[in-house]
Amino acid sequence: MLSLADPTSFQELDLIDKIQRLGVAYHFEDEIEYVIQQAYNDDDYTHFMDQNVHSDKHADLCYVSLRFRLLRQAGYYVSTDVFKKFKDEKGEFHAKLASDVQGMLSLYEASYLGFSGEDIMDEAMVFTTKHLDSLLTSCSSYSLVLQAKHALAMPIQGSVARSYARHYISIYQQDISRNETLHEFAKLDYNAVQFLHRKEINEVQIWWKRMNIKSKLQFDFRDRVVEAYAITNSINFEPQFSQERIYLAKIWTILSIVDDAFDLSGNLDEVSQLCDAFQRWDAQSTSNLSAQMKVIFLETLNLFNEFEKRGNSVGASYFRHVMQLHIKILWEEIKVIFSGDVPTFEKWLSVSTISGGHNVFLIAQTMNMGEVATKKVIDWTAGHCMPKIMKYSNTINRIVGDIASIKLDQARGTDAQCVSCYMMDYGVSESEAIESLQKIVIRLQKVLNEEGLRVHPVPMRIIKNILHFNRSIDLYYKGVDGHSVSDGRTKQIITSLFIDPIPV
Numbered sequence: 007m008l009s010l011a012d013p014t015s016f017q018e019l020d021l022i023d024k025i026q027r028l029g030v031a032y033h034f035e036d037e038i039e040y041v042i043q044q045a046y047n048d049d050d051y052t053h054f055m056d057q058n059v060h061s062d063k064h065a066d067l068c069y070v071s072l073r074f075r076l077l078r079q080a081g082y083y084v085s086t087d088v089f090k091k092f093k094d095e096k097g098e099f100h101a102k103l104a105s106d107v108q109g110m111l112s113l114y115e116a117s118y119l120g121f122s123g124e125d126i127m128d129e130a131m132v133f134t135t136k137h138l139d140s141l142l143t144s145c146s147s148y149s150l151v152l153q154a155k156h157a158l159a160m161p162i163q164g165s166v167a168r169s170y171a172r173h174y175i176s177i178y179q180q181d182i183s184r185n186e187t188l189h190e191f192a193k194l195d196y197n198a199v200q201f202l203h204r205k206e207i208n209e210v211q212i213w214w215k216r217m218n219i220k221s222k223l224q225f226d227f228r229d230r231v232v233e234a235y236a237i238t239n240s241i242n243f244e245p246q247f248s249q250e251r252i253y254l255a256k257i258w259t260i261l262s263i264v265d266d267a268f269d270l271s272g273n274l275d276e277v278s279q280l281c282d283a284f285q286r287w288d289a290q291s292t293s294n295l296s297a298q299m300k301v302i303f304l305e306t307l308n309l310f311n312e313f314e315k316r317g318n319s320v321g322a323s324y325f326r327h328v329m330q331l332h333i334k335i336l337w338e339e340i341k342v343i344f345s346g347d348v349p350t351f352e353k354w355l356s357v358s359t360i361s362g363g364h365n366v367f368l369i370a371q372t373m374n375m376g377e378v379a380t381k382k383v384i385d386w387t388a389g390h391c392m393p394k395i396m397k398y399s400n401t402i403n404r405i406v407g408d409i410a411s412i413k414l415d416q417a418r419g420t421d422a423q424c425v426s427c428y429m430m431d432y433g434v435s436e437s438e439a440i441e442s443l444q445k446i447v448i449r450l451q452k453v454l455n456e457e458g459l460r461v462h463p464v465p466m467r468i469i470k471n472i473l474h475f476n477r478s479i480d481l482y483y484k485g486v487d488g489h490s491v492s493d494g495r496t497k498q499i500i501t502s503l504f505i506d507p508i509p510v
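Numbering follows this note's numbering, with no gaps: position 162 of the sequence shown is 168.
Keep in mind that the hints were calculated from the coordinates and are not lab data. On a predicted model such as this, the values are computed, not experimentally measured, just so you know. The beta carbon of each residue, even a glycine, is placed where N, CA and C say it ideally should be. Check the hints yourself; a few may be wrong.
Claimed, not checked - Using C-beta positions, here's what the derived DEER-type ranges look like:
#, residue 1, residue 2, range
1, H474, R326, 22 to 28 angstroms
2, L274, C145, 57 to 63 angstroms
3, N197, W287, 40 to 46 angstroms
Unchecked claim - Pairs of lysine to aspartate or glutamate, DMTMM-like flavour, derived with a Cα cap of 20 angstroms:
#, residue 1, residue 2
4, K334, D288
5, K397, D385
6, K136, D106
7, K193, D181
8, K222, D275
9, K222, D195
10, K334, E352
11, K300, D265
12, K315, E250
13, K96, E129
14, K205, E276
15, K341, E244
16, K300, D269
17, K24, E37
18, K193, E244
19, K452, E124
20, K470, E250
21, K334, D275
22, K90, E37
23, K334, D266
24, K341, D282
25, K90, E129
26, K220, D181
27, K90, D139
28, K91, D106
29, K445, E456
30, K413, D269
31, K413, D385
32, K300, D229
33, K205, E190
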């Protein structure tokens, strides 16, 4: 399918873009990597302008933007100077660029990969967003209109691959220049992988029913097994990660229950004893635990033992350590909530990278990556000094989650979350605090983009998992806590991903 005749051509890069959007890139990883490397090594754009096809300036914008995005997505640095030639003498983007919807879409998608201080990318986002909105009513291509609407609602960099593929397969259907073989293959592949995902969900549900934990706990915890699986599926959907998804769905489910035990059980003595039990990590020392806290503790240990039996003895001690640290932080937070105090925003930030449980989940995921999970990789992921990319990722996810769940937290009386802390510190209203926090997320996302391109002592797959996890949290916590409240949008996403096949 990839000819590789001229790996730096627009046609080849455009085909890679289509393959990635359609969700079938995992079938062509070696070929795609070869093309990306050739595109990175080729700094000469002039040959492209000599081709008969796409020889005008608008097409050049599309090519340069596409090349920029594909390379940065793959972890290669490209300077934003490549966009300077599209500006006029006033330093603004040429007005005539606005008439090219395809080029504008390409630049718009590229703008989400900007770093801090790359003002030209901020300008590109403002410029393209403004004109794409106005061009939607005048564009004659129904396919481009669909792409533009979807891109404005959820750009590629903010999308989960599997969910995006589901949408894009329908959009590609309307493209009269589509590759019919590629389109049919994408539909068949989507349905085949969806069938595997349904089998995995069934296995997780069997595990959940066997535990029968609903009958053993008195507080109203979140029974969200399918939603837990959906989050893990959003990180790595490919068939080869089947067992990893099943195990991580169990991890997310247990983490949610532990979190709810601290937030909702309403008994400080019980959670204090649960915290002590986790620090001892001994299944035989549970005599002082209440019946329901004993269930939570032992089920967590059972899951840990399952992890050890999977053969990851190197990662077992790391996982136990990060879980114990997570429990300690939860205990400190719940004491603050019971005291009625609201911590400073800076204090909240200092613990938020751990208390959300995202750190535990990311480390568990890394340890389940098979041959990739070497001691060196686990040391980097779970060592005493948290990598910056994980720290920024966890902070973004916690802010997004806190904003989404603010109404639920207020109903529970748990005000010690970032919105309340920010309001107290800066003397602003709730809406003003949320607006400021969203700006912090945007700024941190740029830092995260840059961290993703740094040289790390771990495979790029590990870095991408962290970035994919961010997208997953953003998808399910966009505007509402889609894990706690699974009706509405979350239900629609789950139905689309795991229940309804694509008509062939």
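Which of the listed hints are broken here? 9, 14, 15, 22, 26, 27, 31, 33
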